[in-house]
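Asks: Chains as they are written, first to last, in our numbering: chain R, 2 to 318; chain W, 2 to 318.
None of these hints come from the bench; they were simulated from the model.
Check each hint, because a few of them may be wrong.
Note that identical chains are pooled: a pair holds if it fits in a single copy or bridges any two copies.
[Stated by the list, open to error] With a straight-line cut-off of 25 Å between C-alpha atoms, the simulated SDA-like cross-links for lysine to any residue are:
| id | residue 1 | residue 2 |
| --- | --- | --- |
| 1 | Lys-227 | Ser-247 |
| 2 | Lys-108 | Arg-256 |
| 3 | Lys-28 | Asp-274 |
| 4 | Lys-227 | Gly-98 |
| 5 | Lys-65 | Leu-166 |
| 6 | Lys-125 | His-235 |
| 7 | Lys-126 | Gly-220 |
| 8 | Lys-126 | Thr-217 |
| 9 | Lys-91 | Ser-163 |
| 10 | Lys-227 | Glu-253 |
| 11 | Lys-61 | Arg-148 |
| 12 | Lys-226 | Leu-245 |
| 13 | Lys-125 | Lys-289 |
| 14 | Lys-289 | Gly-187 |
| 15 | Lys-125 | Gly-220 |
| 16 | Lys-248 | Pro-230 |
| 17 | Lys-5 | Arg-305 |
| 18 | Lys-11 | Leu-166 |
| 19 | Lys-226 | Glu-244 |
| 20 | Lys-226 | Glu-254 |
| 21 | Lys-237 | Arg-122 |
| 22 | Lys-58 | Leu-270 |
| 23 | Lys-11 | Asn-310 |
Number of protein chains: 2
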Amino acid sequence: MENKITQIFKIKYPIIQAGMVWCSGWKLAAAVSNHGGLGLIGAGSMYPEVLKEHINKIKKATDKPWGVNIPLLYPEVDKLIDLVIEEGVKIVFTSAGSPAKFTAKLKAHGITVAHVIANSRFAKKCEDSGVDVLVAEGFEAGGHNSREETTTMVLIPQIHRSSNLPLIAAGGIGTGSAMAAAMALGADGVQIGSRFAASEESSAHPAFLRKVVDATEGGTILTLKKLAPVRLIHNKFSDTVEELQSKGASVEELRELLGKGRAKKGMFLGDIDEGELEIGQVSALIDKVQPASQIMNDILTEYRHTINNFSGQAFQF
Amino acid sequence: MENKITQIFKIKYPIIQAGMVWCSGWKLAAAVSNHGGLGLIGAGSMYPEVLKEHINKIKKATDKPWGVNIPLLYPEVDKLIDLVIEEGVKIVFTSAGSPAKFTAKLKAHGITVAHVIANSRFAKKCEDSGVDVLVAEGFEAGGHNSREETTTMVLIPQIHRSSNLPLIAAGGIGTGSAMAAAMALGADGVQIGSRFAASEESSAHPAFLRKVVDATEGGTILTLKKLAPVRLIHNKFSDTVEELQSKGASVEELRELLGKGRAKKGMFLGDIDEGELEIGQVSALIDKVQPASQIMNDILTEYRHTINNFSGQAFQF
Chain R
2 MENKITQIFK IKYPIIQAGM VWCSGWKLAA AVSNHGGLGL IGAGSMYPEV
52 LKEHINKIKK ATDKPWGVNI PLLYPEVDKL IDLVIEEGVK IVFTSAGSPA
102 KFTAKLKAHG ITVAHVIANS RFAKKCEDSG VDVLVAEGFE AGGHNSREET
152 TTMVLIPQIH RSSNLPLIAA GGIGTGSAMA AAMALGADGV QIGSRFAASE
202 ESSAHPAFLR KVVDATEGGT ILTLKKLAPV RLIHNKFSDT VEELQSKGAS
252 VEELRELLGK GRAKKGMFLG DIDEGELEIG QVSALIDKVQ PASQIMNDIL
302 TEYRHTINNF SGQAFQF
Chain W
2 MENKITQIFK IKYPIIQAGM VWCSGWKLAA AVSNHGGLGL IGAGSMYPEV
52 LKEHINKIKK ATDKPWGVNI PLLYPEVDKL IDLVIEEGVK IVFTSAGSPA
102 KFTAKLKAHG ITVAHVIANS RFAKKCEDSG VDVLVAEGFE AGGHNSREET
152 TTMVLIPQIH RSSNLPLIAA GGIGTGSAMA AAMALGADGV QIGSRFAASE
202 ESSAHPAFLR KVVDATEGGT ILTLKKLAPV RLIHNKFSDT VEELQSKGAS
252 VEELRELLGK GRAKKGMFLG DIDEGELEIG QVSALIDKVQ PASQIMNDIL
302 TEYRHTINNF SGQAFQF
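This is chain R alone, in the form it adopts within the complex:
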């Protein structure tokens, strides 16, 4: 299954495991890379010395390609950028910021750069900045998201139409049939977060994972839109936010309510009432915690099944 994405990253299948705060350390990333996908260490929740430790561990755990996701809103982002360069990381996904900031520097050190976007204006910015691969993320995705609320179904064709860069679809994708749907829309690969967050190799707290597995339709909400929109599981904290918002709360009031370390509290320490529980809408379709290898197998089997069904239809038509 060769295409633009497998070729540029030198991987077997065009499946990227999303870099996720508090979920994707070296263990998950190595497991995905060892099974033919591209594993990403999520640096957003790591101090530079912690990231360094994860990089050292993944180097021992796999000889396959892997990468690091760096959210550009990270307070000391320069330190992370310098670190991945020093450590000889070959693939970096940047997100939550401008691709103009660090792409040239990373590329100058031979690093392949992917950048996460939510509209085609940013696709253009990525091209101008020398980004190698686009990740287009829809409204249904977990964690930080765009104010424009464009869903994967509409966003992928839009980006496909406006840019020739290799395109990875993200948001709402946790199965092989959704992978086939994304490819039909024009993607060359998929980035899967929530399903891998609920893996045995995930570093998230078991209480958070139980909430993910139990989540049903309408179980997540995109909230804090005035501040920085984030999709999370409905809980006591999100109810408090929604109530405050419906009374017309200011950005300052929301920032004060949010405080610091809410995601760590919920996802890493397991405070399911007061923490931020970041996950995508596709959590409604996830009903167990599995090994990453089994998740890869399931997705590939279902993808194969879906496209074989299509090929049966092709000539009846």
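With chain R's structure known, arrange chain W on it following the hints.
Replies: Relative to the frame of chain R, chain W by itself:
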């Protein structure tokens, strides 16, 4: 291209033209039915005597199957139900209400009933009520929508998993590649609104259609969530709503602001500042007004192209 949807409606292609207020009268519905899809008269914006006139006209304009969409929040909905029965209408799509209300009555008169839902709890209600076909509509769809905000990418697999009824996907679908994506997700057919709203046979005002064609990503918004969520194009009216909401407006204040006849004002009379301009996110991908026949041809050609591409992949994998 035979499947559950083509068989139950006796149509050539599993493409349904959504019943839309102020857009889909007999002219558009007949054009779609004459080209192998299923055209629907949108009764939501019609007085009973107007609907009767449209039914009489479509009977003369096509000998192919067609139907009527009845939103159950319509003030005198009983009159519309009695009318479609008297007029011998064979296919009715109901929406915006409980399927338990009229399904048995319609079925007793030999009418095939489809019902529009946005979650699997309603899929179960539809089964219990004897509904024949489900239409699952995602967050990206235009007009009235669900508070749960589940997108088409996540909703379709969820409904497919929870019900065996024939399933039509709606929301974000305006092209053949999106049709293929919906089928990959488990749908048996697609309902297309926005693209047909922007057809030459649409009864909407040309000023509204210009706004649809000009709409770009992020050009629509799901608003009035406290009252009855509706997706429309950003304009002066939606800005006023958003401003009032961000100050913590009550349901009563929003109802007063909305008033009566906003959709007619915008979509039929062409007041693009003060009217409600209901359309889906997929308007970003629509860049011209075309004849319905051309829209059908384009969608089918692209669908065929997409699944043929897939069948080329099936054995490399």
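Asks: Indicate, hint by hint, whether the structure satisfies it.
Replies: Now for the hints, and whether the structure bears them out:
With identical chains, the CA atoms of Lys-227 and Ser-247 are at most 25 Å apart both within one copy (12 Å) and between copies (9 Å). In this assembly of identical chains, the alpha carbons of Lys-108 and Arg-256 never lie at most 25 Å apart, being 35 Å within a copy and 54 Å across copies at closest. For the homomeric pair Lys-28 and Asp-274, neither the shortest alpha-carbon distance inside one copy (27 Å) nor that between copies (54 Å) is at most 25 Å. In this assembly of identical chains, the alpha carbons of Lys-227 and Gly-98 lie at most 25 Å apart only when taken from the same copy (17 Å versus 32 Å across copies).
Taking the shortest alpha-carbon separations for Lys-65 and Leu-166, only the intra-copy value of 24 Å comes in at or below 25 Å, while the best inter-copy value is 44 Å. Within a single copy, Lys-125 and His-235 get their C-alpha atoms only as close as 35 Å, which misses the 25 Å cut-off; across copies the closest is 24 Å, which meets it. Only between protomers do Lys-126 and Gly-220 lie at most 25 Å apart by alpha-carbon distance; the minimum there is 20 Å, versus 34 Å within a single protomer. Taking the shortest Cα distances, Lys-126 and Thr-217 sit within 25 Å of each other only across copies (17 Å), while inside one copy they are farther apart (37 Å).
Taking CA atoms no more than 25 Å apart as the test, Lys-91 paired with Ser-163 passes in neither setting, with 27 Å inside one copy and 43 Å between copies. In the homo-oligomer, the alpha carbons of Lys-227 and Glu-253 lie at most 25 Å apart both inside one protomer (10 Å) and across protomers (23 Å), since each shortest distance falls under that limit. In the homo-oligomer, the alpha carbons of Lys-61 and Arg-148 never lie at most 25 Å apart, since the shortest distance is 40 Å inside one protomer and 47 Å across protomers. For the identical chains of this complex, Lys-226 and Leu-245 are neighbours both inside a copy (12 Å) and across copies (16 Å), given an alpha-carbon limit of 25 Å.
For the identical chains of this complex, Lys-125 and Lys-289 are inter-copy neighbours only, at 23 Å across copies versus 39 Å inside a copy, given an alpha-carbon limit of 25 Å. With identical chains, the CA atoms of Lys-289 and Gly-187 are at most 25 Å apart between copies only, with a shortest distance of 21 Å across copies and 30 Å within one. For the identical chains of this complex, Lys-125 and Gly-220 are inter-copy neighbours only, at 18 Å across copies versus 34 Å inside a copy, given an alpha-carbon limit of 25 Å. Taking the shortest Cα distances, Lys-248 and Pro-230 sit within 25 Å of each other both inside one copy (18 Å) and across copies (18 Å).
Proximity of Lys-5 and Arg-305 under a CA criterion of 25 Å is satisfied in both settings, with 19 Å inside one chain copy and 23 Å between copies. Proximity of Lys-11 to Leu-166 under the C-alpha cut-off of 25 Å is restricted to the intra-copy arrangement: shortest distance 17 Å within a copy versus 42 Å between copies. For the homomeric pair Lys-226 and Glu-244, the shortest alpha-carbon distances inside one copy (13 Å) and between copies (14 Å) are both at most 25 Å. Taking the shortest Cα distances, Lys-226 and Glu-254 sit within 25 Å of each other both inside one copy (13 Å) and across copies (22 Å).
Within a single copy, Lys-237 and Arg-122 get their C-alpha atoms only as close as 36 Å, which misses the 25 Å cut-off; across copies the closest is 24 Å, which meets it. In the homo-oligomer, the alpha carbons of Lys-58 and Leu-270 lie at most 25 Å apart inside one protomer (23 Å), although the nearest pairing across protomers, at 65 Å, exceeds that limit. When the C-alpha separation of Lys-11 and Asn-310 is checked against a cutoff of 25 Å, the pair qualifies only between copies, where the shortest distance is 23 Å, while the shortest distance within a copy is 28 Å.
Hint check: violations occur at hints 2, 3, 9, 11; the rest are consistent with the structure.
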